[in-house]
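Novice: Sequence:
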Amino acid sequence: MAEPKVKYDRQLRIWGEQGQAALEKASVCLLNCGPTGSETLKNLVLGGVGSITVVDGSKVEVGDLGNNFMVDESSVGESKAKCVCAFLQELNDAVKAKFIEDCPEELIETNPSFFSQFTLVIATQLVEDSMVKLDRICREGNIILIFARSYGLMGLVRISVKEHTVIESKPDHFLDDLRLNNPWPELTRFTETIDLNTTDAVVHKHTPYIVILVKIAEEWGNTHGGNLPSTREEKRQFKDLIKSKMITADEENYKEAMEASYKVFSPRGIGANLQKIIDDSCTEVDSNSSDFWVMVAALKEFIASEGGGETPLEGSIPDMTSSTELYVNLQKTYQAKAEADFLVMEQRVRNLLKKIGRDPASISKANIKSFSKNARKLAVCRYRLIEEEFNSPVQSELQKYLTNEDHGTLQEANSLKVLPENTAAGLYILLRAADRFAVNYNKFPGQFDSEMDEDISRLKTTAVGLLNDLGCNSSALSEDLINEMCRYGASELHVVSAFVGGVASQEVIKLITRQFIPMSGTFIFNGIDNNSQLLLL
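Taking this note's numbering as reference, the numbering of the sequence shown is continuous, increasing by one, and the terminal residue is 537.
Calculated from the structure, these hints are not laboratory results. Model, not experiment: these values are computed from the prediction. Hints should not be assumed to be uniformly reliable.
[To be verified] In silico DSBU-like pairs for lysine-lysine, Cα to Cα no more than 30 Å straight-line:
1) K300 with K337
2) K276 with K300
3) K276 with K255
4) K255 with K300
5) K96 with K7
6) K263 with K96
7) K263 with K205
8) K332 with K263
9) K369 with K332
10) K354 with K365
11) K276 with K239
12) K337 with K239
13) K255 with K235
14) K170 with K460
15) K369 with K25
16) K205 with K276
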């Protein structure tokens, strides 16, 4: 068997050894192993999740051969859970795989404690009633739950967990933590040793832009009452001031300083997102508080005292034109400050743990260090119960989503029929209406061609009734979308299932590794015109 570090080499570069270790410890349960469930689990098995349990009480039918690559002709009549489980096991023998031939809906009704053994449950192709019941079970047991569903050309993914906290959110774009507009004493002293007016062309050309910006920001502040540039005109003048220090036109370090001048203009202190987190009532910690909130409480103290309104310094600097000696010394200055800030944070965390009656060493040094380094990028995600969303969605938001997409019915465009541009909320409502329809008529709309016209009329009535119950205007529903929903006949298309499974498995990895920020609402994939939308309801 391949060494894990070699086997998972590429993904280790994304979520690191800590993330991989979390994946390998995780125990995942899949409910229903049709194409949506199978595709979701396939991605996790290839990623090296610790163990999987596949729950499905159905047998493989001929129809399954057309949309699920994990069963073949020899599987017909066999347990679907057994066949899919065997296929998945072949993909990665390091994963512990088992199956249970049981109907997920019956398990939810008769054996709710079954789910407590798992880190995370992936529930696919469940109807509304079962979703609500399972969500309650998982919420009480503090188990992460993710719903995934494919229905014709539409798909849905929804996370449900009371609270999910992220330290390593790894945003795509985030301002470097350089403190150019708020340098600490050691950085100021370092920059004071460098003369921007030197006549040595080589030294002038190899002064790092951090030094240039700190010194010019200080010069600007001295002539502007200590204030930094704020208006567009002042920012232009600031750049001109940098340019005026150039000796020759080819000095890359000064060009970098002009390009990075916006880093000087950014506001001091902490951002609105972090402010919201440190103002959260959870920062009033007790013996039941999670490690995350204990560290946030320590961070709150740090910002108010030693930090002087700032978080612990991250301690890394970007690449820049510089002499090796100056770059290394500058790097050491940043690293020393980051280490000093971390040691203060560590002491505050230990003191808080002692105060709330926990072992002061119960949070590892490595975790506190990671927290300190990522303090500006923390995230807290909280999710409503699915029952609350179903019974009382944010009515104004739902109506807005629905009316935004009310562009009338199908229009002729270049002799091709096109649906309204944004149909996500309409599809969401119609999927819920299809579940109501199934309860009332014991089948999904459009399942039998002979009853298509009648089903279209029934689905419309059901959807209008649902919207009225939610206090929304039903005129926003497109007739053609209703027809389209009936045309699907509750089919699970492989191409849509593969996409939905990809989205769901990506969210699972975010949740298990506690890296990156998971989706905040109900994700709707619209395969009619290949777009998707997050509905915050």
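Novice: Report the numbers of all earlier hints that the structure fails to satisfy, in ascending order.
Specialist: Going through the list in order, the structure violates hints 3, 4, 6, 11, 14, 16 and respects the others.
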